[in-house]
Amino acid sequence: MGTVRAGNLYGTLELLILRALELFGPLHGVGVADHIASRSAGLFRVEEGSLYPALHRLQAKGYVDWEWRKTEEGKRAKFYEITRKGRRALSSELERWAASTRAMISLLEVSMEGLK
Amino acid sequence: MKRPRLKRVFHIDRFGRNLEGSVDEEVNFHLETRIAELVADGRSPEEAREEALRRFGDLETVVQRCRRIDQGGLRRRFIRELFSDILQDVRFAFRGLRRARGFVFVSVVSLAVGIGVNAAVFTAIHAVWLAPVPGVMGQDRIVDMVPVIRGHDYWGWAYPDFENVRDAETPFEFLTAWAERDATYGSEEGGMRARVAYATSEYFHVLGAAPTLGRGFLDSEDGGPGQHPVAVVSHAFWQDQLNGRSDVLGQSFLLDGIPYTVIGVASEEFRGARVNWASLDMWVPLFQHPDAGGDESVFRNRGRISVQVLGRLLPGTTISEARAAVQTVFAVLATEYPETNEDRTVKAVAFGRFPAQNRHLEVIAVIGICGLFAVFLLIICGNLAGMALARSAAREQEIGVRLALGSSRVRLVRHLMLEAGILSVIGGGVGIALAMIGMSQVHPMDLNISAPGATFELSGWTVAMSLGLSLLAALAFGLFPALRFSRPGLVSVLKDDTPGGGGRRVGRFHRYAASSQIGVAFLLLLMAALFLRSLERTDESQIGFRPESMAVTDFATGGTFLGYLDLSDEGYPSMEEGGSALVDRLMESIGPRPGVASVAVSTGFPLDRIRTHISVNRADQPSSDSVGVRVDYTLVTEGYFSTIGTPILQGRSILRTDDRTSTPVAVVTKSFAERLWPGEDALGRRFSQAGAENRAHGWTVVGVVGDVASSAVTEDLPQMFVPLRQARSPQLIILVRSDTGADPAALTGPVREAIRSVDPSLPVPRVVPAQSYVARATQGQRTNGNVTGGLGLLILLLSAMGVHGVVALAVTRRTREFGLRIALGATRAGVIRGVLGDALRMAGPGLLAGGLLAVGTAAALRSLLLGLSPVDPISFLSTGALLLFVVFTASLAPALRASGIQPMEALRKD
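Protein sequences appear in the order of chains G and Z.
The numbering used here puts the first sequence at residues 1 to 116.
The numbering used here puts the second sequence at residues 1001 to 1910.
The shape of chain G in the complex, shown without the other chains:
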């Protein structure tokens, strides 16, 4: 199954894309890129191009659906939308992500205390 693995850049990217689509979708690729860039405050410096293989992977997994639509400026763009399957995957990944982050943080705090 295409789970989003922590520590894997692609995996993280997929997770970020899904989350962006969940909050703001449907979005086209540029929109996704902008959302990720603005919310991570430049923390994730990725080449924008690498967004597209990730989007297409999510599409192949059935986590996102897509459609050609007109943008506000009247241009044709491919818009992505998170599917129900994608939402399920995202929520379980977020839980896992949160759990491992919590574990990581408490681990780091303990060890930092030990150093004092």
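Don't read these hints as lab results, they were simulated from the structure.
Beta carbons: idealized from backbone N, C-alpha and C, even for Gly.
Where hints are given, some of them may not hold.
[Stated by the list, open to error] According to the in silico footprint, chain G covers these stretches of chain Z (three or more CB under 8 angstroms from chain G):
{"no.": "1", "stretch": "1027 to 1035"}
{"no.": "2", "stretch": "1065 to 1073"}
[What the hints assert, rightly or not] Quick list of the computed label-pair ranges, beta carbon to beta carbon:
{"no.": "3", "chain 1": "Z", "residue 1": "Ser1440", "chain 2": "G", "residue 2": "Ser92", "range": "48 to 58 angstroms"}
{"no.": "4", "chain 1": "G", "residue 1": "Glu67", "chain 2": "Z", "residue 2": "Ala1464", "range": "48 to 58 angstroms"}
{"no.": "5", "chain 1": "G", "residue 1": "Ala103", "chain 2": "Z", "residue 2": "Ser1084", "range": "37 to 47 angstroms"}
{"no.": "6", "chain 1": "Z", "residue 1": "Phe1078", "chain 2": "G", "residue 2": "Arg69", "range": "24 to 34 angstroms"}
{"no.": "7", "chain 1": "G", "residue 1": "Arg69", "chain 2": "Z", "residue 2": "Gly1042", "range": "21 to 31 angstroms"}
{"no.": "8", "chain 1": "Z", "residue 1": "Arg1080", "chain 2": "G", "residue 2": "Glu67", "range": "17 to 27 angstroms"}
{"no.": "9", "chain 1": "Z", "residue 1": "Arg1080", "chain 2": "G", "residue 2": "Ala103", "range": "27 to 37 angstroms"}
{"no.": "10", "chain 1": "G", "residue 1": "Phe24", "chain 2": "Z", "residue 2": "Arg1099", "range": "45 to 55 angstroms"}
{"no.": "11", "chain 1": "Z", "residue 1": "Gly1042", "chain 2": "G", "residue 2": "Glu67", "range": "27 to 37 angstroms"}
{"no.": "12", "chain 1": "G", "residue 1": "Pro26", "chain 2": "Z", "residue 2": "Ala1036", "range": "19 to 29 angstroms"}
[Stated by the list, open to error] Here are some chain Z residues the structure puts well away from chain G; computed CB gaps all over 12 angstroms:
{"no.": "13", "residue": "Tyr1154"}
{"no.": "14", "residue": "Val1275"}
{"no.": "15", "residue": "Gly1294"}
{"no.": "16", "residue": "Lys1347"}
{"no.": "17", "residue": "His1360"}
{"no.": "18", "residue": "Phe1373"}
{"no.": "19", "residue": "Val1787"}
Start from chain G and add chain Z according to the hints.
Chain Z only, in chain G's frame:
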């Protein structure tokens, strides 16, 4: 819920068609947006473009990766959807079948019967004809060579011909000739008969059957009559007679009084080249044969058929090359030795279980058998197709709706075929399992199949064939309804208001199928009735002798057939040279023992299943007039007729005084007398063997006895009995009759004692009640009757269901018609009569065809019916009545329903 299929199709289509362009367009959009943003920020278009590309990264790689991912996803998705469709269909089919329990039951039982019977037949065919000969390696390179003399297949070759072929240029790597006979294997404690193959040195090479212990024969062991007393023994012989000792090589034993050295032990499976009733005990060099020595040697005689021949082809050569080479040699021999070899040639055929002689007849038989049972299955499928049609007819509206809603035709066909497939696989599985269980209970002998050494084991081949047949059956009974009901034109059924209005053709097809099934049931039941009725003919009055209180000696070490006492093996080469005296002493010794009522010595007895036929002619008719009358021929001593319990009707019995010094006489059966001298007195008349030039060698009839069974119940030959003392035959059995009421098995002790007292070196026989031979002789009839009867009853049950289905469907379809009729004043009895009459009209053609086929089959199998007429009225009337009763009963319920139709309801219904 799934999306409607059409949208999905379009989705995938759009997806696929725009695949190439879509990635480019998407990326272009991205770049253009970014450039526009940058330009709006005040950059020059060139700079903006450069910056956008830089931020984007490797354009080419991104586009290619996206394309790859899209294509992979497409493929996966397509496969996933196909699978989920099929899975859904399977689930749907199961659900549909669960609702139709009756249909499922009938289908599974029918198919189980049809496929089970075919699996059983395949098993038998495989065992009898196709299984490899046990213990033989590389069977496909072995060539069987059958001499054809004056257009007839012969069992063997003249040995000198073999030598010529062996020494000629042929594509054979190895060639062997061998002869088989019984010899006496003997310790001092009375000998035992052993089956011996006398073979040339390349025997084991040809058969690829190298001994597992020791060695085969050496080239140096060919020739030199009697100079190479070495033997390769069979695995069984090694175990049973030589105690399976590991140091058996180099040991010796006596064979026909000569010490032989064991040089090898054959593999456990190897029983010899021919799969015979008598499996071989050992192999010795050809020239150890007792007839091999001197100028009189049979192996020097080009006129005597003495050996069988097999060859192993050189790699890369073919059987036709071998045939051509051997036939060339024979052509030369024909000019060289015209007096023996004229019109003599050889047929080369592939080696196997199929007998090489007259093989084409066997092949035709196999194809015929397979075809017969395939037709049987086809009829079952026909009936099932009829039922499936009737069922789909009832679902026409459902199917019409599905078609109208855009369900594809392929999907509908697939759905209906899946139902058929599921039923076939279940039915086939049950059938194969039943065949497996059934065949493990049966021995080839029981079925009158002469397949020595064959056992009925289910092989992979059989299972594969049967499963294939199941799928074919699914096609046969699934495809027709499936195609018919998925036809687009049928959407019109939506407008049809008749329940189950499947049109006339459905009904007609189903009617034919049900009718043929009735016909098959009739055929089978009739045959069963005939077989079982024929059994009655094996009671005492019919077989013409009294097997109770009678026993016979069996000198065989085991096996199916009675074993003779071979006097020439025991030091009594002929009746003149001690044989006659031995017979006298045996009878004198056995006769007075307690419990013995009478004793006789002969070369056979009724129902011994060993055929000895000759053709005879009246002595006063020139032999050219006719080919002669085929008769069964038995050599007997005095006391024979009283021992077997056959009355003397005229004249006298064979007497002790009928010996070589007196005139040749014969006692004949009543039918013999009537055949040769119709309406005349046979006593004192003379006859002789057909074709015998010397008329002096005839026999004079001195007595006529009642008709008595010959060697098998299935033949009905006139018989003649000739004094044993006037003949040469040294192969004998002893017959004894116990005192009335006593158990003939109790004679074992006295008979054995008597034989030992006469000559302690004679082998010791088993003493077998004659009744057991009678039981075995009629076993075939019993099995045939039971098998055909059981099958017939099953088919009867199925056809009853078929009839019920047809009639019920017809009644449903004609509900309004019946309602109208009743409203117009038809009586309920009239309606019932109408429905039943219709059912009988449907059954009629089937019954007629089945009956005619039964008469034909019975006539062809006449000999198996033991003289019962193929149109036996009792069998016909009882079976016919049973069939009519079943048809009647099966249609009664729908008929009653028809008569109970309420006119108003029926007419209002739509």
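Hints versus structure:
1. 1027 to 1035: It holds, with 6 qualifying residues against the three required.
2. 1065 to 1073: holds (count 6)
3. Z/Ser1440 / G/Ser92: 48 to 58 angstroms: holds, 56 angstroms
4. G/Glu67 / Z/Ala1464: 48 to 58 angstroms: Check passed, 52 angstroms falls within 48 to 58 angstroms.
5. G/Ala103 / Z/Ser1084: 37 to 47 angstroms: For alanine 103 of chain G and serine 1084 of chain Z the Cβ distance comes to about 38 angstroms; the hint holds.
6. Z/Phe1078 / G/Arg69: 24 to 34 angstroms: holds, 26 angstroms
7. G/Arg69 / Z/Gly1042: 21 to 31 angstroms: Holds: the Cβ-Cβ distance is about 30 angstroms, inside 21 to 31 angstroms.
8. Z/Arg1080 / G/Glu67: 17 to 27 angstroms: holds, 21 angstroms
9. Z/Arg1080 / G/Ala103: 27 to 37 angstroms: About 36 angstroms separates the Cβ atoms of arginine 1080 of chain Z and alanine 103 of chain G, which means 27 to 37 angstroms holds.
10. G/Phe24 / Z/Arg1099: 45 to 55 angstroms: holds, 50 angstroms
11. Z/Gly1042 / G/Glu67: 27 to 37 angstroms: holds, 34 angstroms
12. G/Pro26 / Z/Ala1036: 19 to 29 angstroms: holds, 21 angstroms
13. Tyr1154: holds, 75 angstroms
14. Val1275: holds, 60 angstroms
15. Gly1294: Holds, since 91 angstroms exceeds 12 angstroms.
16. Lys1347: Label holds. Min Cβ-Cβ 68 angstroms, cutoff 12 angstroms.
17. His1360: holds, 63 angstroms
18. Phe1373: holds, 52 angstroms
19. Val1787: holds, 58 angstroms
Checked against the numbered hints listed earlier, the structure breaks none of them; every hint is satisfied.
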